[in-house]
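> The task is simple: from the sequences and hints, build the whole structure.
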Amino acid sequence: MALPQVKLGALEARLSRMQPIDTGWSASARAAALNTLNAMGLPDRRDEYWKYTNPAALVAPEAAPAQVLGLPEAALCGDLERLKIVFVDGVFDPEASDDLIGSGVQIDRLAACQDLDLHWAKPVYGSLEAQGQVPVERPLAALNTAFASDGVLIHVTAAVKPILNIVYRHENPLSDVMLHHLIKLEPNASLTLVENGPIAARSNLVMEVEVADQAQFHHIRAQGRDHEQRCCSSIFASLGRESVFKSFTLTVNGVLTRNDCVLSLKGDDAVAHVAGACVGDGAFHHDDTVFITHDAVNCESRQVFKKVLRNGAVGVFQGKILVKPGAQKTDGYQISQSLLLDEDSQFLAKPELEIYADDVICSHGSTSGAIDEDGLFYLRSRGVPTPLAVDMLTLAFLAEALDEIDNDILSATMLEQLEAWLARWRS
Amino acid sequence: MLEIKDLHVSLEEEDKQILKGVNLTVEAGKVHAIMGPNGSGKSTLSYVLSGKDGYEVTGGSAVLDSVDLLEMDPEERAAAGLFLAFQYPVEIPGVGNMTFLRTAVNAQRKARGEEEMSAAEFLKLVRAKAKTLKIDADMLKRPVNVGFSGGEKKRNEILQMAMLEPKMCILDETDSGLDVDAMKLVAEGVNALRDEGRGFLVITHYQRLLDHIKPDVVHIMANGRIVKTGGPELALEVENNGYSDILAEVA
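For the protein sequence lines, the chains are A and B, in the order given.
One point on numbering: in my numbering, the residue at position 45 of the first sequence is 50, and numbering is uninterrupted.
One point on numbering: in my numbering, the residue at position 77 of the second sequence is 100, and numbering is uninterrupted.
Check the hints yourself; a few may be wrong.
[Stated by the list, open to error] To give an idea of the interface, some chain A residues facing chain B are shown, with a C-beta separation under 7 Å as derived from the structure:
1. A36
2. M397
3. A401
[Stated by the list, open to error] Not close to chain B: a few residues of chain A, all C-beta gaps over 12 Å, as computed:
4. K56
5. D104
6. I112
7. A117
8. D396
9. S432
Since the hints were derived computationally from the structure, they do not count as laboratory data.
Keep in mind the model is a prediction, meaning the values are calculated, not measured.
Where is the CB? At the ideal position from N, CA and C, for every residue including glycine.
And the structure:
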């Protein structure tokens, strides 16, 4: 079917600004992604999964400028051993990065290994993203696959001890960045990946993760800081037998954030947890869109999303659990909650369940509420001043999402980030 | 210490007068008890004194050690030395009991211009006080009142009182929902805090609690007023004869 004129125009305008990429082995995957994109066009408000989030700023040919705050890097990893990979406005910074060498892990950069024709990433690049285009189109991810300028390719063959920490820095107020990361975990391998820092004025990130049988992948990221930035991210992951995938995202600030997470549980007894906590003030729009497909027996999936919103901030949650025929003994859980600190803020939630197996447990819930007045009075009656009491109740609200972080140190540093942000918010 | 004069209070939501001229003075070192039938305004009095929303003071005054309570926010009243042990302590999921206690203690100290308590100092103190109330480490770690039994919740109230060391303690039906042993434990906690410089206002339906926390003065409240004041024998009279005789007598 031909694209409507509006979509065609938007796509042509966007593509006309794209820089040509040195393709090498990714050429065919990029060409396929471009074909997909040409067939679907870029998203607009009429698309089912963009009803609550206006994609115009993500689609526009140029990135809108975003003020560079230049805050120092948050110490998310505490004293934990880490291997740091730094991107400044999407450009790899070898000086600021550690040597990309580790035991049990091979790390390359997409932009630096295009000529190695036997590269392990060749059959992986774009494959999970392509699979993730059905049944819901994800044109911004296809755009990324076609035009990503760089990214980290991580091949994990054993239990990797240090945390891999991708640190983003934003220095150019007009930067427009597309990065595409690939992570492939071999059977029994494990990795913890931390992403943090403001990426660019506008960013489009894709991460494809293949988690083989009994492998474990933990992903923790902190988004935000430079408030005017606009970001869309898409995670595509496939899970093998008895594998574990856990992803947690903290978002503070950011005028527009769209996080897609598309997970496919393909091996029996796999576990997928995806969680997020966000706090937004004023011009803040935050959208979590999750699609989890159960395609194996006895798998568990959990979605826990909490949003604190005030001064007209908007939170969106679109979460789907699809249980395919034969995916018996599925245990699916989904909760999305918002704490609205005033009457101007909004939370829009669309939970979806689609189940084709008869022996499954799937539950979902979504709530919006204000600060609990009884709890607030109780704290105040004990001498806790109102602003501090509101913070305590706010953190308590977010705690269930933070509990999803398996690593105590990372969980504690995330909590510190939140506490500091709330303290700044109060002042 | 606490002086309530001609206090008139209405509900904000509906035009209903609850307190119709309460006069009451609690001296330092004394325990006053308030008894009275349901709906007489006992709990309202405790809420109005501690500053809960939803009530409108239409007349009168309430002064704690020459400070006007009614002009202050709840947290200021707490820092000024007022404490309400809730009839229904509130559950606060996600906030650890210990964090809550420490935040409260230090917030009050800060408000009074005192030095905050160090973590070590606090821990030592809270453990000692918790032990006498048979509150174990697990209860201190758990979120505030979440999953606590009725008795545990009330003991937790008394622990907060012991840590905050208020001047004026109001106990709102602290005996409700307690078995005999739990009531004894709570009463012991309260008695341990009896002190020359501290006043108590104990609101209860039953004489039973007053067997354990011996009052100096007993007031009977009905229809928004204190209708009779006497010694501990007044509580016994209520226990034996109910309120009807007293109410008939003052009508």
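> The structure should be examined with respect to each hint, and the outcome stated for every one.
Now for the hints, and whether the structure bears them out:
| no. | hint | verdict |
| --- | --- | --- |
| 1 | A36 | violated, 50 Å |
| 2 | M397 | holds, 5 Å |
| 3 | A401 | holds, 3 Å |
| 4 | K56 | holds, 32 Å |
| 5 | D104 | holds, 40 Å |
| 6 | I112 | holds, 38 Å |
| 7 | A117 | holds, 45 Å |
| 8 | D396 | violated, 10 Å |
| 9 | S432 | holds, 16 Å |
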